[in-house]
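Asker: Residue numbers (the working numbering), protein chains in the order written: chain F, 1 to 1060; chain L, 1061 to 1511.
What the hints contain is simulated information worked out from the structure, not anything from laboratory work.
Misleading hints may appear alongside valid ones.
[Unchecked claim] List of simulated lysine to aspartate or glutamate pairs, EDC-like, C-alpha gap at most 16 Å:
id, chain 1, residue 1, chain 2, residue 2
1, L, LYS1090, F, GLU822
2, L, LYS1094, F, GLU722
3, L, LYS1085, F, ASP69
4, F, LYS310, F, ASP262
5, F, LYS615, L, ASP1394
6, F, LYS88, F, GLU100
7, F, LYS945, F, ASP69
8, L, LYS1090, F, ASP262
9, F, LYS1034, F, ASP964
10, F, LYS634, F, ASP964
11, L, LYS1467, L, ASP1217
12, F, LYS615, L, ASP1088
13, L, LYS1090, F, ASP265
14, F, LYS760, F, GLU722
15, L, LYS1450, L, ASP1394
16, L, LYS1094, F, GLU340
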Amino acid sequence: MKILFYGLTVFCVWLAGLTVCNAQYKIWGKVLSRSKKELLSNVTVKISKDGPVTRTNYKGEFNLIAQSDSALLTLSHVGYQTKELSVKLPLTNALVVLLEEGSNRLQEVTISTGYQTLSRERATGAFSHVDEKLFNQQVSTDVLSRLAPIANGLSDDKRTGIGLTVRGLSTIQGIKGPLIVVDNFPYEGDINNINPNDVRDITILKDAAAASIWGAKAGNGVIVITTKKGGFNHLNRVTFNSNFSTAEKSDLFYLKQMKPADYIDYEIGLYGNGYYDAMIGNPNQPALTPVVELLAGGVNPDAAEIGALKNHDVRNDFLSAVYSRPFNQQYALAFDGGSERSSYYLSAGYDHNVDELHAKTQRLNLRYNYSYRILKNLDLSSSLYFTKTQANSGKEGYNSVTSAYGNLYPYARLADTEGQPLSIVKDYRMAYIDTVGQGKLLDWKYYPLDNYKHVRNTESTSDVLLNTGLVYRPTKNITLQVLHQYEQQTVKGTLEQGRDSYYTRDLINLFTQVNTGGEWNYAIPVGGIYDFSDSKLSVNNLRGQLNYQKEWGSNSLYALGGAEIRDARTISTTFRQYGVNEEVLSSALVDYTTYFPTFITGSGRYIPNMDGLGKFTNRFVSLFANAAYTYRGKYTLSGSARRDASNIFGVATNDKWTPLWSAGLSWLLSDENFLKSDRIDFLKLRATYGFSGNVDQSRSALTTISFLSNSIYTGTPYARIERYANPDLKWEKVSTVNVGLDFGLFGSRLNGSVDYYRKKGKDLFGIQMLDYTSGIGSSIVKNVAAMKGSGFDLELNSVNTTDRIRWTSQLNLSYNTDKITENYFPSASARNFVGTSAATNVTGLEGKPVYSVLSYAWAGLNPDTGAPRGYYKGQISEDYTALLGPDVLVDNLVYHGPVLPVYFGSLGNSLTFEGITLTAQLTYKYGYYFRRGSIDYSALAVTGKGHDDYGKRWENAGDERFTDIPSAIYPLNPSRDEFFNGSEATVEKGDHIRLQYINLSYDMSGWLARGDALKTFSFYVNINNVGILWRANKQGIDPDYGTYQIPSPRTYAIGFRGTF
Amino acid sequence: MKKLTIPIFKCCFFGVLLTLSSCEKFLDEKPNVKYAVPSQVSDLQALLDYYPTMNNRDAGSGEISADDYFLTDGDWEGLANTFFQDMYTWQPDNLFLPSSNEWSKLYEVVFVANTVLDGLEKISAQGNNADNVRGQALVFRAESFLRLAEIWTLAYDENATSNLGIPLRLTANFNELSKRSTLEQTYKQIIQDLQMAVALLPNISLTPLRPSKAAAYGYLSRTYFFMRDYSHALSYADSCMQLKADLMDYNSLDPSATYPFSKLNEEVIMECYIPAPGPLGPSRARISPDLLALYDEHDLRKRLFFKASPDGEAQLFKGSYEGGATLFSGLATDELMLIHAEGCVRLGRMEDGLHDLNELLKNRYDDTFKPLELTDKDALLRRIWQERRKELVFRGLRWPDIKRLNKEGNNIMLSRTVKGEVYRLEPNDLRYALPLPEDIIALSGMEQNPR
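Just chain L, with the same shape it has in the complex:
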């Protein structure tokens, strides 16, 4: 027996030692199978496909500051957040919750895009798939930069080289300190990203949640449009519409439905939304009477977009291309059509512009619609602005539009009354650039927007 047991022990110890020597392999097992270090193009694509971060968290601070709605005193008081109350009345500072706010959410999209771009570099991925993913990341980054610029900087104009832009974070290294660029640099970066993306992306993507070449063209057009470079805006709108120009006929929609539009419908080029923040809640935001007055009785949009408030005293927004109460803020063909129209008119191609406008309105009015016959440039422009406001309501575009039009001399004066007190925002006021969250200024030492 004794003779037998010694070999047993030798075997056991040998076994333990053997296992120890191969323990490197033993310890390489992942603690959680679902974890991965992004090392393949498909991993990076999966990150961009994480729609809760990438598509569903656009910023609504611009829309909150804009003039398409108003709040009753009761609803204003009922806002659970004093930051929203202050934003509504265009206070100069302290408009954002510390730590978690729209600034951090937009930069989270930028971080994911940068992680993907760095990742592609690291694995030196080549080929169509890698190009496609790189292009998508560039569009996500550019789109976020553009939204940031719309909210936190002044409108683009001849002072762009000296005005403050946004911090341009171009790598995923989170230890880097943020620095503000100039407005010129900001727009240049957006355009550069989008132009690069155009060359990399397929014409149309698998789903509008993923950026496509059409989306890159569309964002280029929108960017130039807000820079008031109408010829570039026109030509990129043209390129976009070559790839996608479907329009819905609103006559086919049911205005009695709670939400008459469906999500990801045929007009959507790129899908993202603003989760209706407090003041824009579906039963709070009452439509401004001046906007409402622009819709005539044959305009289908009046009943498709709006419904009466329970007290019957005002109209409320039903929601648009999200098929729900959140605010569609992506790209759709109607916006491109309107950019195209305005671009044509500004460049003197009056007939083309009028044609664009009539093409859109034909699908927005009931069958009594007669094509418009406007020959005066100013009258036509004014009509396009009107239709722009009516068509693109609550799409996050009104705020940058006011800024742009005021630079064109439109002299749009905003005013709000809360509990008998009147608040005004003069054209081109410095408050058109919202203050950066104060805690970010404290943490990074960046320059605050002047007041």
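Here chain F stands alone, though its shape is the one from the complex:
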């Protein structure tokens, strides 16, 4: 709340400083269709070229303010001819305007590249544009999560961690995500700082001509986010948006946890085989689960004590005692307006989220944007964006509670029948910690329901983004621009593990010393352990740019050129305090240099020292130029060039510079006489070719060592080798050919674009296998690889009906494949290429996608033993060492397909009736595979990680007819488990269709605004993550999340927004 108060104070101070507008004339009226005489809603009404804009409400009414005593009105609407109207002011009566049905140009879309804004007609590159209306159909705290379900060519992969990609992959080992630009400059801070309510529109730069202006960072595409600004000659306006959302609890039962009874039976089996004997005798007192502890204490496996445990599933404990429904609130308020000389935009946003584990996040955004026309040809603009986020940790969820062997045993009990927190086994045997310490040690038990009360993890982020720009137009043709952006983000983290937290009690106990005289000493003083971290990012960007624009005869030329420098540095510190007294906030010193015998075994350990410092600097210098020449408004030739240099380590200055360029052509077919038709409003053919790059600042050309703090043995800094010499280090390069067609047909009832592209990546970082006798491990990363990718993007927007019910559709369909053309792999051993379900690794196989699913051929279960079988040299085999050995080559593997979808996209449909709009957005992915994960008996024994498939395992002869799950055996055979989990039997198709969100909004402007066209109010309801409509796999797995992640629960939001 404190930050809210603080924010409002600042906000009020700003409000007081607002400039007020000049004399104004009101223009009002209504718009009807000429033929049917029906009121037209959503008609764009504009005064002169750069003047104020509004849209008619559902009663066809509009309302505008003009700054002078005459105005030229332009009225445009999809499906109608644009009309121009000149009016003398002041008006005495309402205007009535009739619009003619018929063809029209595409609605004008402006594209922002971060260096310039240009109209779609002039562009040769491939852009995809998301407007504010589409963007705001979803409710979220962040910006990026809204993009994948609506934008063209964009795909988000949560399961593999590859994340957001534009047109698939362009690199193998490099950074895979696109460059994110906010208001002209790459955004270095946490993108979650940006409030979605401040976003005006988003442009995605997809091909080389679009992106190459961003040079060495644009290899993966660019997402340009433009925030809202005020405009000159705009009426003062207040906009607000507020919503509340909640969600279902995470579906813990989605996870394929082993059934408690199965788990216990398996433990009984292991115990009978003597598996736990070594642990029982171990002086380290490793933790044993309750069942093993009972068995070790002589309890019979059939005893009721053990039987009773079999009926308890810990997930029910979590759902009832830990998880609750989240509740999120979002408030946003903005003021904007402008006079002839100045414009302003002022906004405040506040988000308050409480998640299902009671973790709280608050965010405050304050934004101020002011432009002032100092002279007729000189504009000064400045903006300040301030974000403050405070996040606090919540309870310990299902995945964060660990226990004996690592994973939580499924029959754990978190609370007794009265709901009192119970302890569970954590690091040591219960029997041991119950008795040890003669009362001198702290309680050594772990209470999962209670522990969070003693742990406070807070992270507070503040971010200031300061933009200053001067635009000077010395002549009609020339614009000079200097832009500066400064960003400072500080993140302060505190992890307060109180005296009663398990971590603290455990560490204090471990370092408790008993002298020969029987005296007890605490090497770590009794008290809380607090970790502090502090990181400060500061970024300076300076850009000087010259724009040239000239039109003569049938020619026009737009050109720009400039230079920029950029410096981003991060300074971080971490430190820890021991023995914190929470009441008076005092702390105590500890001895980091003594090798203390630890309590349980006496083996020596140093007290953990968490202090550290770091400083990172990334610097870039770039030169860029871009030009477009158009002849007769139809034929455009464009080109761009850029050189980048960075402080990438150890590269000679000459090699730091990378030149990148692109060229493009476009042809406006619809302006050619031979294609003049009523049905074709707009038709443009585009073709481009060019290069962009991919830079990874963490690479180095020289053998690089990295210093650690002082060695406890020598008292001097010690260092390890961080990077091995790589004299051939270069930046990755991606070339793209793109051919596209933009169209608007049937009176703009159907418009969209289709693009075909081919990408080639060269000098890509790739793994080179090494003879590890060299001493640097078995592989090294060098610029040795190449790949290609190709695909198409189709975007279709249609107005299906325009009558009382207006039905519009929006389709995005993308096809993308990638293929590695060069990647050195001297070892063709199959094992290197078979992935696991838990991690998605680059397979890197030539001729196949970067990420491929490859499996050991599967010969079914042995009908006599239930053992998994594969093929070794063409013969059915159960020799797992041989099956995983170097004689089985990658050619012997079965190739399923890519890990990333080949076809993906979305389909949205909106129906509007009397101000009520219903939108449903589908997303789909098709043509890919994933490994689902199954029972791994060795992992189960060693780490406690089970899988529900255990219940489906082969037990008796004949079971092989309906199951592929191998029998449980002892002794454990990790190779057998690895083979099975890497075999064809555990691969699933990822194809699915999902109903991503449903949005219902009701435009109440009519009765709330009483006909004032400038006032709008609407109420909306949104359901997100509605569910999967169809999936190819029969296991009930959500392919976007896999087996080990819980799918995002369905969320429900209600809200209202308006303008007055």
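Let chain F serve as the given structure and place chain L on it in line with the hints.
Answerer: Frame of chain F, contents of chain L only:
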């Protein structure tokens, strides 16, 4: 106003241009301050001080193959790794995980040492500090080569010029392909490195984690000892003991402690350890009854080194000079004392040898100890071998000792029983040289050890 703005713009552009022209300097800033290109002696010293690689990752495959312990069938089955099961039963091949194994870890030490040696050359460093760092790197390299030879080659004997040695990587150039040397070349390189180091190192180093002159002498002595060149072994043991010969009196230790010894104690000349691999886990490896029978009731080591297993049926190793359950594998004065004793006896200096032995045992037995009076050379040698096995238990020395003694005709026959099946390893069997990891053979085309 207009007059004023033009100069402003000129200034701005001039500023940008100026910055661009000085951008070389601008771009020389390090991306991470903690990164450095090793360019000073102190940088190279810092690399050698990186103990997680240099000191804490010695190889235990020899100890796993040796005969001081056995596993119950249950524990053998419980090994999470079939490679260990096969190593335990002396299988002829496929004993190592691909990519990351003890071979790669030992050669990582060699690589760091070579990086330091190349680095010193490149910056042409001179002076005491540079000498010291060069000497340390040579000892680390030699020590790793010696360990590699103990595990992956046959014992040194008269066939050393034709038997396979290890690949001798002497530069940090990782693009060079590996080639196996002869056993003769391997030992020659180890000795040459250590002899060079002797001339460069200070007598005693700041910490036993850094090699010293005493350590170089000690490793020379150990190397010659395994080459069965006892006169050189004796004279280097002598040189080492001139610099450091402290012995602990085990009577002052508490046998009831979980770990009675402390790390870096006064006997340690050079510190490194084997992180107890699976079969040698502190609750798995049961002490061989024949070894246990060698300790009598007055021998303090019996209770300091061992404790009863939870089922009471066997003894387990507590750990020694690491003060924990990992296996000390560095150099300590007790080993040098025993090399000295054996060297003396072999060269006919019976009394000196007996004196050495009594000096050690005085500190290992309780106060009932009476100095031994052995006059028969063979009897004395046998006692020294016994004490060697008892004293240096789980120090990574038993495996090369078996190989050495079998060359002396001791005819030590190893045998293990797993699930009723008996596995044997005859003296001087080819399997005494473990197979190179198969993936390395595939990658480098090197010759595999014969079977």
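Asker: Work down the list of hints and note, for each, if the structure agrees.
Answerer: A quick look at each hint next to the structure:
A distance of roughly 32 Å separates the Cα atoms of LYS1090(L) and GLU822(F); the hinted pair therefore is violated under the 16 Å criterion. With a C-alpha separation of about 10 Å, the suggested pair LYS1094(L) and GLU722(F) falls inside the 16 Å cut-off, and the hint holds. For the hint linking LYS1085(L) to ASP69(F), the alpha-carbon distance of about 59 Å lies beyond 16 Å, and the restraint is violated. This hinted pair checks out: LYS310(F) and ASP262(F) have alpha carbons roughly 8 Å apart, not beyond 16 Å.
Between LYS615(F) and ASP1394(L) the alpha-carbon distance is near 48 Å, which puts this suggested pair outside the 16 Å criterion. Using a Cα cut-off of 16 Å, the hinted pair LYS88(F) and GLU100(F) is violated, with the two alpha carbons roughly 23 Å apart. The hinted pair formed by LYS945(F) and ASP69(F) fails the criterion: a straight-line CA distance of about 77 Å is larger than 16 Å. For the hint linking LYS1090(L) to ASP262(F), the alpha-carbon distance of about 56 Å lies beyond 16 Å, and the restraint is violated.
Simply put, LYS1034(F) and ASP964(F) have alpha-carbon atoms about 14 Å apart, close enough for the 16 Å limit, and the pair holds. Of the pairs offered as hints, the one joining LYS634(F) and ASP964(F) is violated, with about 63 Å between alpha carbons and a cut-off of 16 Å exceeded. Between LYS1467(L) and ASP1217(L) the alpha-carbon distance is near 8 Å, which keeps this suggested pair within the 16 Å criterion. About 15 Å separates the Cα atoms of LYS615(F) and ASP1088(L), which keeps this hinted pair within 16 Å; it holds.
As the CA atoms of LYS1090(L) and ASP265(F) are separated by approximately 58 Å, the hinted pair breaks the 16 Å bound. About 30 Å separates the Cα atoms of LYS760(F) and GLU722(F), which puts this hinted pair outside 16 Å; it is violated. In summary, the hint linking LYS1450(L) to ASP1394(L) is supported, as the alpha carbons are separated by about 11 Å, within the 16 Å threshold. Between LYS1094(L) and GLU340(F) the alpha-carbon distance is near 54 Å, which puts this suggested pair outside the 16 Å criterion.
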